[in-house]
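Dock chain B with the ligand against the given chain A, drawing on the hints supplied.
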Amino acid sequence: MKNVIVFVEHSGGQTRKVTFELATQARRLADALGGEARAVVLGAGAQALVEQLKAYPLDVIAYAEDPDVDTFLLDPAVDYLVAVAQSAGPSVVLLPNTMLGRDLAGRLTARLGAAMAGDVTGIEVDGGSVACVSPKLGGKVVTTCAFKNADYGVVTIRPNSFTATAGGTGARTAQIEKPAGKSYAMVVERNVEEASSELGLEEAPVVIAGGRGMGGPEPFTSLLKPLANAFGGAVGASRAAADAGWVPYGLQIGQTGKTVSPQLYIGVGISGAIQHKVGMQTAGTIVAVNKDGTVPMGDFADLLVVGDLFTIVPELTKLVERAKAQA
Amino acid sequence: MKIVVAVKLVPDANAEKRIDSETKRLVRTGVETVLNPFDEYAIEGALQLKERLAAAPGSAEPATVTVFSMAPESAREVLRKALAMGADDAVLLTDAGLQGSDVWATAYAVAAALKKVGFDLVVTGGLADDGNTGGVPGALAEYLGVPGLTNARAIEVADGKLKVQRETDTGYQVVTGPMPALVSVTMAIGEPRYASLKGIMGAKKKTITTISLAELGLDRAVGSDGAKTEVRELAAPPVRGKGRIVEASDGAQGAQVIFDYLKEKKLV
Ligand SMILES: Cc1cc2nc3c(=O)[nH]c(=O)nc-3n(C[C@H](O)[C@H](O)[C@H](O)COP(=O)(O)OP(=O)(O)OC[C@H]3O[C@@H](n4cnc5c(N)ncnc54)[C@H](O)[C@@H]3O)c2cc1C
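If you're matching them up, the sequences are chains A and B in order.
Here numbering that gives the first Met the number 0 is used: the first sequence runs in plain steps of one and ends on residue 326.
Here numbering that gives the first Met the number 0 is used: the second sequence runs in plain steps of one and ends on residue 267.
Some hints here could point you the wrong way.
[What the hints assert, rightly or not] Quick look at which bits of chain B chain A covers, simulated, 3 or more residues with Cβ under 8 angstroms: (1) 99-105; (2) 183-190; (3) 251-265.
[Stated by the list, open to error] Ranges between beta-carbon positions, derived for each pair: (4) Asp125(A) with Glu263(B): 54 to 62 angstroms; (5) Gly201(B) with Ser221(A): 47 to 55 angstroms; (6) Gly99(B) with Pro66(A): 39 to 47 angstroms; (7) Ala31(A) with Pro61(B): 51 to 59 angstroms.
[Stated by the list, open to error] Sample of chain B residues with no beta-carbon within 12 angstroms of chain A, all distances over it, derived: (8) Ser73; (9) Glu76; (10) Gly201.
These are calculated hints, taken from the structure and not from any lab test.
Just so it is clear, CB atoms sit at the ideal spot from N, CA and C, and this is done for glycine as well.
Isolated chain A, as found in the complex:
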């Protein structure tokens, strides 16, 4: 494996933040392997994103502004990625560990007969061979997995595991040719946006999560959202809150939900059950607000403030907003 290929996830004309983390790692890996770092950006708006990507240390930015990528599910994107990988020769493909990233990674693993590592938080190159570090079994063990018997590696990277370092290196841009003779069967008939769903919970630098203690859907919007906005972060939830229908399942953090790794996690009215903990235990700093000082959250939070969330959260929002206004 020599070259490194980064899949660029984007929506609404915005590149997902994790892309820049991937691009930064791609540079480091490509240098260690003696190859090139290439980004692949596909679908509506691809060409416009090329300029944004130039701010990062990539050698090639390959794009295909092809409506098929958005009209048909996954297949066209897989074909483009395979085409780029094959023309690059033995390489490592980096994707974000998001719903889309995982879907594409599985497909690429089969198409390229690749070694796959998922939910990766560290990558090492040792004498030309690649090894990936990732937490497994609900974070109870950390594995280092080496690639063997494969020309290609496919890696999904947990957002917020690496810092993004800007610095363009004059990347070449290239339009990817449409793979010939393909017809696609999985049709995306329509997209339904649910306003309450959060974009990029997994990559938000700050996550404010609410649990059963929130008491209903309304405090998520009236209390947590303003606090999340003050931090420039996102709102998440425990399963109890998702099961109650207060928030969509997309916001659920934990064993059967999303894994988040923000700089700061604030758990509000969440007891900190093991199944919740596994989805947020790698956060940089963990703060909890709970009226009960004996909850499991107290065993691993950096700070647990014992008190009523309905009085603490609005005051905290004010303090953070004030600090932001002064900055």
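Below, chain B with the ligand alone, put in the same frame as chain A:
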């Protein structure tokens, strides 16, 4: 219509995990093997679909639900649980030669077995609880050569076509495709049902067929020989110690404690 649910067996997530300091392997003794929690939703989704098809007017032959797993022989007990939930029969791909299979090898072997079993629809969970990789459903769809509609929160079959609501980060999309196909489901498909006493009794009479590696006639090595990844090291994660616990006298004071702490940490 033949629905096959592909499930994985995983170590119980809630059991304490220990790494043997000598062998650097996970100590398995005392850790119960359970159905991957995500796959319980796959079984639920398949059973719901079967029930809806049976209730639909003018439905042709009744749908059946087969549970499939690639697992050690000891998995039989766990498969009984799926049968007790309402699946009709089970197939176990079991062989010492499969041990050590990674994402690629698993998808390769399971696809061959599923082709042998035959299906109109394969249903899987979205992720495995132990590995959190999520690569297998997509890789399976590729090797089966069928459409792979992932992250479905609702599945509908009409006129031999499949229509799913596919969860996205901002909502969902409506996706259609021909069958045979593969669908992976999310938790929003519905809470997995509990096995009834009747179901548990009935499960004892249902058949579990086994398939061995040789029967698949694979042209590529799987198991640890064929795997393209190799675990080089297992380590315990850094421990998160107990932090500070502070009683708040009122809202403003509690907020101030948090704010001061975040300031100290340069997070505000
Ligand atoms: C197989 C399986 C998978 C699971 N997966 C997940 C998962 O992915 N994610 C997940 O989160 N859970 C998961 N769970 C559920 C988990 O076990 C817990 O039930 C759940 O996390 C509890 O949510 P909670 O903390 O919001 O609710 P509770 O445990 O009920 O905690 C609510 C907390 O709010 C506090 N509170 C109430 N009112 C106030 C107030 N006014 N001010 C301050 N504090 C207040 C209470 O003291 C309490 O500690 C799973 C369970 C199983 C069995």
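Comparing the hints with the structure gives:
no. : hint                                         : result
1   : 99-105                                       : holds (count 3)
2   : 183-190                                      : holds (count 3)
3   : 251-265                                      : holds (count 11)
4   : Asp125(A) with Glu263(B): 54 to 62 angstroms : violated (38 angstroms)
5   : Gly201(B) with Ser221(A): 47 to 55 angstroms : holds (50 angstroms)
6   : Gly99(B) with Pro66(A): 39 to 47 angstroms   : holds (43 angstroms)
7   : Ala31(A) with Pro61(B): 51 to 59 angstroms   : holds (57 angstroms)
8   : Ser73                                        : holds (19 angstroms)
9   : Glu76                                        : holds (21 angstroms)
10  : Gly201                                       : holds (28 angstroms)
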